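Participant: So the protein lines, in turn, are chains S and W.
Note that our numbering has the first sequence beginning at 19, numbered continuously upward.
Note that our numbering has the second sequence beginning at 19, numbered continuously upward.
Just to be clear, a hint being listed does not mean it is correct.
Because identical chains share one entry, a pair is satisfied inside a single copy or across any pair of copies.
Pairs of lysine-lysine, DSBU-like flavour, derived with a Cα cap of 30 Å [as the list claims (entries may be wrong)]: (1) Lys150 x Lys23; (2) Lys59 x Lys40; (3) Lys23 x Lys59; (4) Lys23 x Lys193.
Quick caveat, the hints were computed from the structure, so don't treat them as lab data.
What you are looking at is a predicted structure, and each value in this text was computed from that prediction instead of being measured.
Below are the chains, spelled out letter by letter.
Number of protein chains: 2
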Amino acid sequence: MDSIKRIKRELVYTGTILDFYKDTIETPDGHRAEWDFIAHKGAACVVPVLDDGRIIMVRQYRNALDRMTLEVPAGARNNPQEPTSECALREVEEETGYRAGKLEWLLTLRTAIAYCDELIDVYVATELVPTKQHLDEDEFIDVEYYTMDQLVEMILNGTIQDAKTVAALMSYQVKCARREQ
Amino acid sequence: MDSIKRIKRELVYTGTILDFYKDTIETPDGHRAEWDFIAHKGAACVVPVLDDGRIIMVRQYRNALDRMTLEVPAGARNNPQEPTSECALREVEEETGYRAGKLEWLLTLRTAIAYCDELIDVYVATELVPTKQHLDEDEFIDVEYYTMDQLVEMILNGTIQDAKTVAALMSYQVKCARREQ
């Protein structure tokens, strides 16, 4: 299939964590259009599974939605070169106060492919040992504990809406069910 | 819990489909920070299930990743007031060339809650009848057909990374497994 080509990329605004670009694209039949593009340095998120099977979740205020949300622990890389496994280990300990003895890759997600290059690698963390939460000065996070049944119910009734959290938890559920077969 | 407060929101760039804002927030202890905020008009996506259980998927070039991707059909609302069910019915027919006789809400997703208010309502479409693809002039989409087993495999081996697609398909898989129990 002939494909769309990008013929120009112009930086139009530099944000705190994002850069906003104006792209000019050309279709195979010669039509031109301007498309938004947002550059992001990438992130990691973690499904932290306690020895009894419960999942450690974080509740925090999200400015973009102007409300509190319940999510799996996650955070951006310090820079685009940082391995996401290091980012995952740091974020799960900082946000939940548990250090992970074992980390296993579960998924790679692209959060908003219509306009953003953000990548989130998703890991399952086990062998969790309590340490201490270390939050940034603009982070205020509560730690909560749920069974997978409770979380699946909260996703299917619309209580949990965060896409990375839904994708991570439902994929973990499907992967565990496959192993049991 | 005392929470973070937003004390200012300033529009800094108007894109083609997105608006970019600079927010100033204040933490409970008086610390101030600037956070990025992107406004989006919302979208719908669809898991289109044929009578034989196969799923209709779309393959297209994604400028943000500079490659082809395999996704469930989706599209933005015409305006923030458009019901997402109408958007879903329109997009599934435009992108796949099938009209849905039945549409059932599955999930509500927030794609990138660290910085964007985008909402995607996810529907399951059944009773599909072949009609005709109607693509926008800058849309070039191939239609493909997969079993759920094939799609779950492609998610767990990292081939499918689009977060709305992963969240939608894995949630559909979990919901179907629950009904069978």
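Participant: Now, for every hint given, state plainly whether the structure supports it.
Facilitator: Structure-based check of each hint:
1. Lys150 x Lys23: between (49 Å within a copy, 26 Å between copies)
2. Lys59 x Lys40: both (18 Å within a copy, 18 Å between copies)
3. Lys23 x Lys59: both (23 Å within a copy, 26 Å between copies)
4. Lys23 x Lys193: neither (37 Å within a copy, 39 Å between copies)
Of the hints listed earlier, the one the structure fails to meet is number 4.
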